[in-house]
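*Asks:* Residue numbers (our numbering), protein chains in the order written: chain A, 1 to 142; chain B, 143 to 362.
Derived by calculation from the structure, the hints in this document are not laboratory data. Check the hints yourself; a few may be wrong.
[Said to hold, decoys possible] According to the in silico footprint, chain A covers these stretches of chain B (three or more CB under 8 Å from chain A):
| # | segment |
| --- | --- |
| 1 | 166 to 173 |
| 2 | 185 to 193 |
| 3 | 210 to 221 |
| 4 | 260 to 273 |
[As the list claims (entries may be wrong)] Subject to a maximum C-alpha distance of 20 Å in a straight line, what follows is the list of computed DMTMM-like cross-link-like pairs (lysine to aspartate or glutamate):
| # | chain 1 | residue 1 | chain 2 | residue 2 |
| --- | --- | --- | --- | --- |
| 5 | B | 262 | B | 323 |
| 6 | B | 175 | A | 3 |
| 7 | B | 215 | A | 28 |
| 8 | B | 175 | A | 102 |
| 9 | B | 165 | A | 58 |
| 10 | B | 175 | A | 11 |
| 11 | A | 4 | A | 20 |
| 12 | A | 121 | A | 102 |
| 13 | B | 262 | A | 13 |
| 14 | B | 262 | A | 12 |
| 15 | B | 215 | A | 99 |
| 16 | A | 23 | B | 202 |
| 17 | B | 262 | A | 60 |
| 18 | A | 121 | A | 28 |
| 19 | A | 36 | A | 58 |
| 20 | B | 165 | A | 12 |
| 21 | B | 175 | A | 99 |
[Stated by the list, open to error] Computed beta-carbon distance windows for the label pairs:
| # | chain 1 | residue 1 | chain 2 | residue 2 | range |
| --- | --- | --- | --- | --- | --- |
| 22 | A | 87 | B | 222 | 44 to 54 Å |
| 23 | A | 2 | B | 299 | 17 to 27 Å |
| 24 | B | 156 | A | 25 | 49 to 59 Å |
| 25 | A | 1 | B | 266 | 34 to 44 Å |
| 26 | A | 93 | B | 335 | 29 to 39 Å |
| 27 | B | 217 | A | 96 | 30 to 40 Å |
| 28 | A | 85 | B | 349 | 35 to 45 Å |
| 29 | B | 351 | A | 93 | 44 to 54 Å |
| 30 | A | 90 | B | 165 | 16 to 26 Å |
| 31 | B | 256 | A | 86 | 45 to 55 Å |
| 32 | B | 156 | A | 74 | 18 to 28 Å |
| 33 | A | 37 | B | 239 | 44 to 54 Å |
| 34 | A | 139 | B | 256 | 56 to 66 Å |
No residue lacks a Cβ here, since even glycine has one placed at the ideal position from N, Cα and C.
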Amino acid sequence: MTEKILLIDDEEDFLAVMSERMKARNMEVSTASSAKEGLEKADSGNYDAVILDLMMPEMDGIETLKRLKEKNPDLEVILLTGHATIKQGVEAMKLGALDLLEKPADINSLTDKIHAAQAKKMLIVEKKNEEMIKKIMATKGW
Amino acid sequence: MKSGEMHVQYDAIGGAGLQFFGKVSASIAHELKNVLAIINENAGLLEDLSYAAQRGSAIDPERLNRACLQFTKQIQRADGIMKNMSRFAHSVDVFDAQVALHELVCLVANLAGRLAAMRKLTIEVTPAAIPIAFSGNPFLLQNLIWLCLEFAFGATSAGSTLLLALAKNETGITLRISGIDSLENNFPSRMPAGYEDLLAALGAKLSVDKDTKELILDLP
Numbered sequence: 001m002t003e004k005i006l007l008i009d010d011e012e013d014f015l016a017v018m019s020e021r022m023k024a025r026n027m028e029v030s031t032a033s034s035a036k037e038g039l040e041k042a043d044s045g046n047y048d049a050v051i052l053d054l055m056m057p058e059m060d061g062i063e064t065l066k067r068l069k070e071k072n073p074d075l076e077v078i079l080l081t082g083h084a085t086i087k088q089g090v091e092a093m094k095l096g097a098l099d100l101l102e103k104p105a106d107i108n109s110l111t112d113k114i115h116a117a118q119a120k121k122m123l124i125v126e127k128k129n130e131e132m133i134k135k136i137m138a139t140k141g142w
Numbered sequence: 143m144k145s146g147e148m149h150v151q152y153d154a155i156g157g158a159g160l161q162f163f164g165k166v167s168a169s170i171a172h173e174l175k176n177v178l179a180i181i182n183e184n185a186g187l188l189e190d191l192s193y194a195a196q197r198g199s200a201i202d203p204e205r206l207n208r209a210c211l212q213f214t215k216q217i218q219r220a221d222g223i224m225k226n227m228s229r230f231a232h233s234v235d236v237f238d239a240q241v242a243l244h245e246l247v248c249l250v251a252n253l254a255g256r257l258a259a260m261r262k263l264t265i266e267v268t269p270a271a272i273p274i275a276f277s278g279n280p281f282l283l284q285n286l287i288w289l290c291l292e293f294a295f296g297a298t299s300a301g302s303t304l305l306l307a308l309a310k311n312e313t314g315i316t317l318r319i320s321g322i323d324s325l326e327n328n329f330p331s332r333m334p335a336g337y338e339d340l341l342a343a344l345g346a347k348l349s350v351d352k353d354t355k356e357l358i359l360d361l362p
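Whenever a hint applies, use it, and build me the whole structure from the sequences.
*Replies:* Okay, structure coming up:
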C-alpha cells in the first residue's frame with residue numbers, strides 16, 4: 001500500500017533529493033520548505049506520516065509538532081534533525097512524536113518508521129470504525 | 143603569548159566567551175550536518191539508480207549529472223563553513239593583535255548567517271572607504287559584535303536586512319548596525335548578558351540612534 005507522506009524542511013536541496021528517493025519507494029510525497037507551509041499542507045492532506053525538521057526558520061520543529069498534534073492528534077510525526085539535545089528529544093516524545101532521527105539518516109530506518117506510522121494509523125482508523133459501528137448498533141438496537 | 147595576560151582578559155568577561163564559542167560551534171555543527179544529509183541522500187540516490195540499472199532500467203545521464211552537481215555544491219558549502227570555523231577557532235590564538243576589521247566583521251556576519259536566516263533576516267556588510275585595522279583582542283570583539291547581532295535579531299522584523307557599516311573617525315572606529323526596527327531607550331536591558339564586560343574589556347561604547355534605527359558601537 002502506498003504511504004502518503006509530507007516532508008517539511010527548510011533545506012530545499014534536501015527536500016528535492018529525499019522526495020525523489022521516497023517516490024522511488026512507491027510513496028506519495030508532498031514537500032514544504034517552511035513550518036507555515038507544512039501546517040497548511042498537513043491541514044489539507046490525509047498523510048500517513050509527516051517528516052519534520054527540528055530546526056527551521058520562524059517556527060521550530062517542536063512548535064510545529066505541537067500545532068500539528070493540536071489539529072490532528074492521530075497524525076504520526078517523525079522528527080529529523082541535524083542535532084537534537086536530550087531535552088528536545090524528550091519534549092518531542094512527550095508531544096507525541098513517533099520518533100526522532102538524526103541527519104544524515106539511513107533511508108531504510110526512515111522508511112521502516114514510515115511503515116510503522118502507516119500501520120499505527122491503520123489501527124487507529126480501524127479502532128475508530130469499530131467504535132462507530134458499535135455506537136450505531138447500540139442506537140439502532142440491532 | 144603571555145598566558146597570564148590572556149587569562150586576565152578572558153576572566154574579565156566570565157562565562158560569556160565560552161558561551162559564545164559554544165553557540166558558534168553548535169551552529170556550525172548543525173549546518174555541517176545539513177550538508178552531510180544532502181550528500182548522504184545524493185549518494186543514496188546514486189545507489190538507487192545503480193540498483194535499478196542492474197535490474198535493466200535505463201539511467202538518465204541528466205539525473206546523474208544533477209547528483210554530481212549537488213556533491214560539488216555541498217562540498218563548496220562545507221568548505222566555506224570550515225574556513226570560517228578555522229578562522230574563528232584561531233582568533234583565540236592571539237589576544238593583542240592588529241586585524242583587518244572588515245574581515246573580522248564579515249566573519250562574524252557569516253557565522254551568524256544561519257541564525258539570521260532562521261529569523262528570515264539578511265546581514266550585509268558594507269566595506270569601509272579605506273581599510274581599517276583594529277588593535278586588541280579579536281575574540282572579544284567578535285563576541286561583542288555577535289551579542290549586538292543577537293540583540294538586533296530580536297528587535298527586527300522577519301524579511302528585513304541588517305546592514306553593518308564601518309567607518310574611521312577622529313576618535314576611533316565606529317560600527318553601525320542599521321535596519322533595527324525596535325530601538326528603545328531601555329535597549330541595554332534587552333542586550334544579551336555579558337556585553338557590558340566586553341565593552342569594558344575593549345574600552346568600547348554602545349549607543350543607539352532611534353531616528354536612523356542604528357545600534358552604534360564605538361571602538362577606541
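*Asks:* All hints are to be evaluated individually against the structure, with a verdict given for each.
*Replies:* Hints, one by one, checked against the model:
{"no.": "1", "hint": "166 to 173", "verdict": "holds (count 4)"}
{"no.": "2", "hint": "185 to 193", "verdict": "holds (count 3)"}
{"no.": "3", "hint": "210 to 221", "verdict": "holds (count 3)"}
{"no.": "4", "hint": "260 to 273", "verdict": "holds (count 3)"}
{"no.": "5", "hint": "262/B <-> 323/B", "verdict": "14 Å, holds"}
{"no.": "6", "hint": "175/B <-> 3/A", "verdict": "27 Å, violated"}
{"no.": "7", "hint": "215/B <-> 28/A", "verdict": "28 Å, violated"}
{"no.": "8", "hint": "175/B <-> 102/A", "verdict": "9 Å, holds"}
{"no.": "9", "hint": "165/B <-> 58/A", "verdict": "19 Å, holds"}
{"no.": "10", "hint": "175/B <-> 11/A", "verdict": "11 Å, holds"}
{"no.": "11", "hint": "4/A <-> 20/A", "verdict": "14 Å, holds"}
{"no.": "12", "hint": "121/A <-> 102/A", "verdict": "23 Å, violated"}
{"no.": "13", "hint": "262/B <-> 13/A", "verdict": "18 Å, holds"}
{"no.": "14", "hint": "262/B <-> 12/A", "verdict": "15 Å, holds"}
{"no.": "15", "hint": "215/B <-> 99/A", "verdict": "30 Å, violated"}
{"no.": "16", "hint": "23/A <-> 202/B", "verdict": "16 Å, holds"}
{"no.": "17", "hint": "262/B <-> 60/A", "verdict": "13 Å, holds"}
{"no.": "18", "hint": "121/A <-> 28/A", "verdict": "16 Å, holds"}
{"no.": "19", "hint": "36/A <-> 58/A", "verdict": "9 Å, holds"}
{"no.": "20", "hint": "165/B <-> 12/A", "verdict": "25 Å, violated"}
{"no.": "21", "hint": "175/B <-> 99/A", "verdict": "19 Å, holds"}
{"no.": "22", "hint": "87/A <-> 222/B: 44 to 54 Å", "verdict": "30 Å, violated"}
{"no.": "23", "hint": "2/A <-> 299/B: 17 to 27 Å", "verdict": "42 Å, violated"}
{"no.": "24", "hint": "156/B <-> 25/A: 49 to 59 Å", "verdict": "52 Å, holds"}
{"no.": "25", "hint": "1/A <-> 266/B: 34 to 44 Å", "verdict": "50 Å, violated"}
{"no.": "26", "hint": "93/A <-> 335/B: 29 to 39 Å", "verdict": "31 Å, holds"}
{"no.": "27", "hint": "217/B <-> 96/A: 30 to 40 Å", "verdict": "38 Å, holds"}
{"no.": "28", "hint": "85/A <-> 349/B: 35 to 45 Å", "verdict": "36 Å, holds"}
{"no.": "29", "hint": "351/B <-> 93/A: 44 to 54 Å", "verdict": "48 Å, holds"}
{"no.": "30", "hint": "90/A <-> 165/B: 16 to 26 Å", "verdict": "22 Å, holds"}
{"no.": "31", "hint": "256/B <-> 86/A: 45 to 55 Å", "verdict": "22 Å, violated"}
{"no.": "32", "hint": "156/B <-> 74/A: 18 to 28 Å", "verdict": "49 Å, violated"}
{"no.": "33", "hint": "37/A <-> 239/B: 44 to 54 Å", "verdict": "46 Å, holds"}
{"no.": "34", "hint": "139/A <-> 256/B: 56 to 66 Å", "verdict": "57 Å, holds"}
The structure does not agree with the numbered hints 6, 7, 12, 15, 20, 22, 23, 25, 31, 32 stated previously, though it agrees with the rest.
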